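Here's the letter readout for the chains.
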Amino acid sequence: MLRFDPDERPDATTAELDRRLARLTESLTDEDHATFTPPDAVWDGIVASLSEERRLADRPVVLTGGAPVQTLRPRRARWMIPATAAAAVAVLAGVVAAVVTGDDRSTSIELAAAPMETLVPVVEVPGASTATATAKLVRDDGGTMHVELVDAAMPDVPAGYHYEIWLVDPDATDPHSLSRGAMAGKVDFEVPPDLDPADYPIIDVSVEPNDGDPTHAGLDHSILRGRLEL
Amino acid sequence: MSVPPPEEDDVSTGVIDPPQVIDDPVVAGFRAGDESALRELYQRHGKLVYSYCRRTLGPERAADATQEVFLAAWRSRDRYRPEAGTLAGWLMGIARFKVIDLYRVERRNPLAGDEDARPEDGMEHAALEDTAQRMLVADALETLPERAQKMVRLAFFHDMTHAQIAEQFDVPLGTVKSDIRRGLERLRRHLEGFDVALRS
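Chains as they are written, first to last, in the numbering used here: chain C, 1 to 230; chain E, 1 to 200.
Calculated from the structure, these hints are not laboratory results.
From a predicted model like this one, the values you see are computed outputs, not experimental measurements.
Don't take every hint at face value.
[As the list claims (entries may be wrong)] Quick partial rundown of chain E residues pointing at chain C, CB under 7 Å, derived from the structure: (1) Tyr50; (2) Ala72; (3) Gln168; (4) Pro172; (5) Leu173.
Glycine included, every Cβ here is placed at the ideal spot set by N, Cα and C.
Please construct the entire structure, taking both the sequences and the accompanying hints into account.
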């Protein structure tokens, strides 16, 4: 055990840190000291992602209505840029615009609709059982696909978390974030043009920690989920 | 590299080695969004983060996970406060999140995981967290000046008093005290950085 300097009177926080340090240091193994140099592809992948994000950030936001638009940093699922192929792989990026439409999209075609199942997320959300929405897939007259949530009602999200909507493939291995934030009433999200909704028929709303991690926190974080029959 | 002056509130009381905390132009550049500073930080800490990911996830997935840790750090760089803890600790806190997340997703979804690629399959969250902290401390110990490193190790491992250490190194007691105090302060700040990432 570490001997403290008798002249030093550590406060409670410092004493706790020192206890941890002592425990950690005493239990260090050779393996803890072993380090490996990452392959070059790791840094190359970071550069490729940053470059793609800059490109998307410069892209104009599409607006089809007058309501406020939330723009997002493009979010990247964990599988999107394998470091092993980073330099060569074009980056798929999440959509950057969440679009709230007016009622003037008269020529839109509703392709599918499904009530969403209310789930119990692992994060405690007071009133989680009251969450409700119906998911729709709509093609607008320009051919752009949209996911709509209608009759959406969500409880307040706990501090430190946010809601996020995803398109998910049937194997749940490749979730794509569409947008994040409050979802109430009718909300409309543009589907990225490179994403075929038929391959991603599951609409999922999750409770994500504000930890800077762009990936889906796990299926046990979902509060609503529905599957469109396409 | 464009380096803004330190913010006034960086100079808080009780901060260890304040010049080091606020004067590191690389950290300042990182917070200001300078990609060359990110590169420098990757060169400093990429090995540690990658080694942790490799140990917990296996070599195949360590590369992607490391990449994601640095991208996550970059995207939330405005939330990093140098006075709250070291960047190495903060990055390892994020890495720990990432690894636990990947374990969780794979447990829920066996289709996504290559079970053979995970050398420490079944590691519990507490063990993943502990491993991250031990590797952080191991790395941090090696960055201490050699004499301070030896003194801290003697105090920890060999339960030696400061007077005994002073005798062994043939230096004044005050030198031992200040070397160990500074060493400990640096190590504490790594854990503090780790904890800030946990709370973010």
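Quiz prompt | Numbers of the earlier hints that this structure fails to satisfy, in rising order | solution = 3, 4, 5
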